[in-house]
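Number of protein chains: 2
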Amino acid sequence: MQLAAGQAPVLIQIHPQDNVAIVANDGGLPAGTALPDGLTLAEAVPQGHKVALRDLAQGDAVRRYNVVVGYAAQALPRGSWVNERVTTMPAARTLQDLPVGTRRIAPLPPLEGYTFQGYRNADGTVGTRNILAISTTVQCVQGVVEHAVARIRRELLPRYPNVDQVVGLEHTYGCGVAIDAPGAAIPVRTLHNIARNPNFGGATMVVSLGCEKLQPERLLAPGAIPIRAGQGMAGEGDVDTIVLQDDEHVGFESMIDNIMRTAERHLEKLNQRRRETCSASELVVGVQCGGSDAFSGVTANPAVGFAADLLVRAGATVMFSENTEVRDGIDQLTARAATPEVADALVREMAWYDDYLQRGHADRSANTSPGNKKGGLSNIVEKAMGSIVKSGSSNIDGVLSPGDRLTRKGLIFAATPASDFICGTLQLAAGMNLHIFTTGRGTPYGLAQVPVIKVATRSDLARRWHDLMDVDAGRIATGQASIEDVGWELFRLMLDVASGRRQTCAEKLKLHNALALFNPGPVT
Amino acid sequence: MQLAAGQAPVLIQIHPQDNVAIVANDGGLPAGTALPDGLTLAEAVPQGHKVALRDLAQGDAVRRYNVVVGYAAQALPRGSWVNERVTTMPAARTLQDLPVGTRRIAPLPPLEGYTFQGYRNADGTVGTRNILAISTTVQCVQGVVEHAVARIRRELLPRYPNVDQVVGLEHTYGCGVAIDAPGAAIPVRTLHNIARNPNFGGATMVVSLGCEKLQPERLLAPGAIPIRAGQGMAGEGDVDTIVLQDDEHVGFESMIDNIMRTAERHLEKLNQRRRETCSASELVVGVQCGGSDAFSGVTANPAVGFAADLLVRAGATVMFSENTEVRDGIDQLTARAATPEVADALVREMAWYDDYLQRGHADRSANTSPGNKKGGLSNIVEKAMGSIVKSGSSNIDGVLSPGDRLTRKGLIFAATPASDFICGTLQLAAGMNLHIFTTGRGTPYGLAQVPVIKVATRSDLARRWHDLMDVDAGRIATGQASIEDVGWELFRLMLDVASGRRQTCAEKLKLHNALALFNPGPVT
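Quick mapping for you: the protein sequence lines, in order, are chains Y and L. Numbering of the first sequence is given in the working numbering, commencing with residue 582 and proceeding in unit increments. Numbering of the second sequence is given in the working numbering, commencing with residue 582 and proceeding in unit increments.
These are calculated hints, taken from the structure and not from any lab test. Any given hint could turn out to be false.
Pairwise CB distance ranges, derived in the manner of DEER restraints [claimed, not checked]:
#, chain 1, residue 1, chain 2, residue 2, range
1, L, E829, Y, G1060, 23 to 31 Å
2, Y, P688, L, R799, 44 to 52 Å
3, L, Q1061, Y, R735, 35 to 43 Å
4, L, Q588, Y, E849, 53 to 61 Å
5, L, R1044, Y, E849, 29 to 37 Å
6, L, A703, Y, D838, 25 to 33 Å
Note that the coordinates shown come from a computational prediction; the quantities given were computed from them, not determined experimentally. Don't be surprised by glycine CBs; every beta carbon is placed ideally from N, CA and C.
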């Protein structure tokens, strides 16, 4: 390990009370490196990893973000490498006696005049893309729907230039599941609400097998009337349902033909839609991080947090999520709750998740991955502090249970597992029309249903993955840009992407991950 | 409901002691229909549904397969329609004091001289197809692997005519999971063993992200050495691993290029393979049913059971599965156990599954679907009796836990959930090289990894889904063929399909469902 010629060694300390700082330099710093303030590294320290700024005795608290993120498991003299092997993790914060609303903040000053070009829906939501979604009740129909989608893309879509894409909403749920078990409500409402995502224009069609447990009536909205395909165009709130086991289907081609005929009626309707000027307050942004490293909480996530504040100031909706990544900062969240009801709901979701993990003989420590640790995150407490900063600084206005749909604007905690694809799927169900994803180790994440803006925590990653990363937040670590600079850049990019003026890297490459349902219930 | 002109009314009684029989006629039978034996239908009865053959008082046992499948919830005079609304379900059989080996059968007479043309593998298994599989450690890489697979199929595969297909083994596991929770062993060993399926020629390659929990080392076989791509051809037992986060990757195209270069080396090796004459004893057949109706247990499943006996007689391996569909016949299975150890293992798997369902506040009654009931199956007890007949009549030689790989031949109970895709995925992991799937309601089921032979329980379905159903077992109900006839037809078809002389409907249409892992552990 050697410092590149001309490069100055850089340590980043988040808070003046912290007794560790992280190495910013690409490739880390070699043993013996002398820092300007007189500190000398006792050993080589990789990029993103922590260095002791003071002598720590065994048992001393390790402070980062002005929070205890661990305890020294052995004496760690000033200049030592502080990692998961030489520290222990703090116990989980109990859910009793949490501060409620103590950090209630005066509403942030309104931010006015920002707009984007979106698709207005009859239910009041606004889409950022104009997509034909084909919902499914059960995995049995997946093969048929994939064939149909491929043919629609090839044969029909080119004739409807105002429609961005055709997407099959495939999943492994629907049958072979205990659909009346308590946990089953989550996947059922998730599928129900995903079909209502703002980017689908309220004109969803459903392909059903016929004999599955998740019958179309159960999948659809209360009040929505499933009509069989071929009975004329679905009206507002109606849904076209194609049932493969229906007698009308004679062989595979007749199934495909029926789906394509129905799709064409929907494409005609969607093709007539036009973008209109909409207030930035119509944005519904889901923020998430994956493949995190120690820079996530220093560069990308604080910049996303700054942008989240801008969105909240503009009257928009911002969802942050990932239960196990906020669990250790629950007191920070309840302190920011706008009302006691919001604090109660936060605690309710954390308690439910504690119980869910405990039933599976796991706990929040199961969250951190080998890559997290390699990237400098010693444990879930440290990871959580870096994750929560994505939520910015405003009051928390509401809490959503997994699979539920948004009913209000502002900063919302959408309770989800931290698993990238399960979180993304649940944020889609909540009504997200734009997705921000930060990554330190690097992931080619993408969703077919909404644009995903990917933010790199390090410039090295942004350079190497030049066509996979939309924003380089690593410039914050090197001093080339401030958190505010990148935050504003992100905010403006969101308006451009939402308007269709710019495509994200994942859109250009057509990189899409499959939906992943959260099913806490058993399979049968 | 009217009986078609020239059609005679047909009731099918499975066992002389049964007090119900089912209506065989397409479209069911109208009220007032007079049967040859003097019985008159008191009401209209749909196809596949039960008719009382004797007067049943409230509380009387309803017998089918000479087993109590329910109790009359009200008086049911002779000629009544007997369905789930007028019956109650028997309590679950306890797992204590089961008969062990009481029905031990003299080994069936050997069946010799049957062969197929297969691909011999170094580990002693035999493939029925010659497939390049690209395994994955985590869902993050899915978008990249999908792009690579599409390009390999388009640009490389046509140059390697002896290779049947390129398949990405994608899944939603690998990260965001509690990988050290007790339940996690199942998905981990499932992925490990799927990569070793006989149809992949022992030359699997792996695409990894880099920071995931399911590191390639953890996915791979004990003893297998993961080598990074570009370090030369993998030797026996070695696996080529491409890690997207590795420094060598500069942008998306370099990832695709790397995967394609590695794939080409594997294709060259696979292309040199040739089919050889193999004994029918090398077949590893997984049997399964889905979208069942009352005919499943009368036509298709008994024919599959007859074929299963032929396979066992030929020295082959037959796996039957679906825990909740054998639970109510566990005493029949323990009675057929070849050894006390097999009986113990059967009870162990049932007890584990009872506990798993109970933790999720569900029980075996969650198995039956609306389509099952519409098709005439009143409850899981009746469904189970019709499902178990797929296993034929021989001794049960072994039991596999979910995700485990076969270690012996003969008739094996592979314990899996009944969910079609989870069961298929676990049978793939066990080492299945041919799949038999029976269906009454109809499902376009298919897997990319092995040929799937689909057997229709009713001629009406076989006629309508003419290009989706490989075998019409409905001829058994109409008297056009015997169980033995269809059983032999299936056996011969298996040899043809295994040899590549015939393609299945799913292969011709390229109908494939996604893998679905069984993960009893929590996500984080």
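Now for the hints, and whether the structure bears them out:
1. E829(L) with G1060(Y): 23 to 31 Å: holds (29 Å)
2. P688(Y) with R799(L): 44 to 52 Å: holds (49 Å)
3. Q1061(L) with R735(Y): 35 to 43 Å: With Cβ atoms ~42 Å apart, the hint holds.
4. Q588(L) with E849(Y): 53 to 61 Å: At 44 Å between Cβs, range violated.
5. R1044(L) with E849(Y): 29 to 37 Å: Because 34 Å falls inside the window, the suggested range holds.
6. A703(L) with D838(Y): 25 to 33 Å: violated (46 Å)
Checked against the numbered hints listed earlier, the structure breaks hints 4 and 6; every other hint is satisfied.
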